[in-house]
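Read top to bottom, the protein sequences are chains A and B. Per my numbering, the very first residue in the first sequence carries number 1; after that it's consecutive. Per my numbering, the very first residue in the second sequence carries number 1; after that it's consecutive.
Hints should not be assumed to be uniformly reliable.
Here are the simulated lysine to aspartate or glutamate pairs, EDC-like style, with alpha carbons at most 20 Å apart [said to hold, decoys possible]: (1) A:K57 to A:E113; (2) A:K57 to A:E68; (3) B:K168 to B:E97; (4) B:K168 to A:E113; (5) B:K53 to B:E97; (6) B:K168 to A:E68.
To be clear about the criterion: a stretch of chain A counts as covered by chain B if any three or more of its residues have a C-beta under 8 Å from a C-beta of chain B, and this derived list gives those stretches [what the hints assert, rightly or not]: (7) 78 to 90; (8) 179 to 189; (9) 198 to 206.
Calculated from the structure, these hints are not laboratory results. Ideal Cβ placement from N, Cα and C applies to all residues, glycine included.
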Amino acid sequence: MNWQLVFTENNIRRLLIGDFPDALGGVALTLVLTVIGIIGSTLLGFLIGYLRFTGPKPLRYAAAGYVEFLRNIPLLVLIFWAYFAPPYFGVTPSKFTSVLVAMVLFNAAYIAEVVRSGLLSVSIGQIEAARAIGMSGLQQALYVMLPIAAFNTVPAMTSRYITLLKNTSLAFLIGLAEVTEIGRQINNRLLVAPVEVYTLLLAIYFILNRSLSAGMRLFEDRRVFNRVFCFFVR
Amino acid sequence: MQLDWSILLGPSGVLLLQGARVTLQLAALALTLALILGFLFGVLRWSGFPPLKLVCWLYVEFCRNTPPLVQILFWYFSATVILPPGAILFLRDYGFEFAAAIFALGIYHSAFIAEIVRAGLNAIPRGQYEAAQAIGLSFPTTMCSILFPQLLRIIAPMLISEAVSLTKNTSLALAIGVTEITYEARTIDYVSFHGVEALTAITGFYLVLCVSIAGLGHLLQRFLSRHRRAPA
Numbered sequence: 001m002n003w004q005l006v007f008t009e010n011n012i013r014r015l016l017i018g019d020f021p022d023a024l025g026g027v028a029l030t031l032v033l034t035v036i037g038i039i040g041s042t043l044l045g046f047l048i049g050y051l052r053f054t055g056p057k058p059l060r061y062a063a064a065g066y067v068e069f070l071r072n073i074p075l076l077v078l079i080f081w082a083y084f085a086p087p088y089f090g091v092t093p094s095k096f097t098s099v100l101v102a103m104v105l106f107n108a109a110y111i112a113e114v115v116r117s118g119l120l121s122v123s124i125g126q127i128e129a130a131r132a133i134g135m136s137g138l139q140q141a142l143y144v145m146l147p148i149a150a151f152n153t154v155p156a157m158t159s160r161y162i163t164l165l166k167n168t169s170l171a172f173l174i175g176l177a178e179v180t181e182i183g184r185q186i187n188n189r190l191l192v193a194p195v196e197v198y199t200l201l202l203a204i205y206f207i208l209n210r211s212l213s214a215g216m217r218l219f220e221d222r223r224v225f226n227r228v229f230c231f232f233v234r
Numbered sequence: 001m002q003l004d005w006s007i008l009l010g011p012s013g014v015l016l017l018q019g020a021r022v023t024l025q026l027a028a029l030a031l032t033l034a035l036i037l038g039f040l041f042g043v044l045r046w047s048g049f050p051p052l053k054l055v056c057w058l059y060v061e062f063c064r065n066t067p068p069l070v071q072i073l074f075w076y077f078s079a080t081v082i083l084p085p086g087a088i089l090f091l092r093d094y095g096f097e098f099a100a101a102i103f104a105l106g107i108y109h110s111a112f113i114a115e116i117v118r119a120g121l122n123a124i125p126r127g128q129y130e131a132a133q134a135i136g137l138s139f140p141t142t143m144c145s146i147l148f149p150q151l152l153r154i155i156a157p158m159l160i161s162e163a164v165s166l167t168k169n170t171s172l173a174l175a176i177g178v179t180e181i182t183y184e185a186r187t188i189d190y191v192s193f194h195g196v197e198a199l200t201a202i203t204g205f206y207l208v209l210c211v212s213i214a215g216l217g218h219l220l221q222r223f224l225s226r227h228r229r230a231p232a
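Let's have the full structure, built from the sequences with the hints guiding it.
Dropping the structure here:
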């Protein structure tokens, strides 16, 4: 085992932040992709899930079509669409934008399904009570249905977010320098320590994912969830 | 820009068809491996004694928390170090990267299937197992004739969505140079500058494939629950 070849100062710095002053990379870029991806796909997912649950009929069908279409193609194909197709139409997106757009669109389809099942779990009495005290449709959605649905979907969301974090590794296939790409470069330079390099990569992703699920588990406590949720919605 | 759909009928189309064949082979073989390993680990974790349970837990947690792409790279680059030379020569005859992709995807999805199997076994009333033991059935007979028929009925929908997910993940094999359909589409983009047509074709291919797997799964589930009355 050649661990000392892998654990040099230069390698560790590159794995963590890439070639930072010039270009962000490594674990830092993976985390940036994950955070923006989670925020974007959650917002879009809630919108589409809500529309599919209770929208005007054409919008409901459009949302259903969107979800069914994106859930039946691989994320990689979507990333290739976002990266290889725009140049044919005269637009050249950056690698970062392509990956981010593809990931947000793809995960929003899954999150929309999670949100829809969460909305289905809101009991009819809650909605009737909201209507009885004279709330408007928007108020019902924002103050009654959304909080209950969001709380009920925390465990399912956690697994979607973990999948999203794992999927950021696909960015290396179009050459974005996140942690998998850096690991591959280190492996290509060393050539004699593939087991060590890729074990290290697997361990990095394992730690990131366990931290993410540990963090999400905090929100399964209703008091914590309510405090954070009220901070954003009010 | 000018789209030229007729390229799909020429050599590019042949490339895509070859890629489609590789994708189907990869999906079928990886799914077989995933089902075997998944059922093995699921049943072991459900019934096993503590050290075995710990091993299964570690296996499942590790596979589920690391990206399939990195697992594919790991098996591809590490196999030459881990495996004995004889096995490497044998695998090389059958396409080394193809074997690595089957292995990695099979292992990755077996972890999910193991969890599905365990959850399904936990959902069957304990009395079923105890009654089978009480009338003196052996463990294999108990599993095969009492528990598995009920288990399959419970977990069929989840197995189907796992199969769809595995089929979609076969596209990741292009990272190590398996010439499956996404790889061929990228080649067409590089070589003949007809990326949009190729991407449209493979998007349609994956859509049809995944929807038909889901459809077949629906039929399978109807078949499995043919003896049950409709829920009241």
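To see whether the hints hold, each was checked on the structure:
1. A:K57 to A:E113: holds (17 Å)
2. A:K57 to A:E68: holds (16 Å)
3. B:K168 to B:E97: holds (18 Å)
4. B:K168 to A:E113: The given pair, whose Cα atoms are some 18 Å apart, holds under the 20 Å limit.
5. B:K53 to B:E97: violated (32 Å)
6. B:K168 to A:E68: Satisfied, since the Cα-Cα distance of roughly 14 Å is no more than 20 Å.
7. 78 to 90: Holds: 7 residues of the stretch 78 to 90 of chain A have a Cβ under 8 Å from chain B.
8. 179 to 189: The restraint on the stretch 179 to 189 of chain A holds, since 4 of its residues have a Cβ under 8 Å from chain B and three suffice.
9. 198 to 206: holds (count 6)
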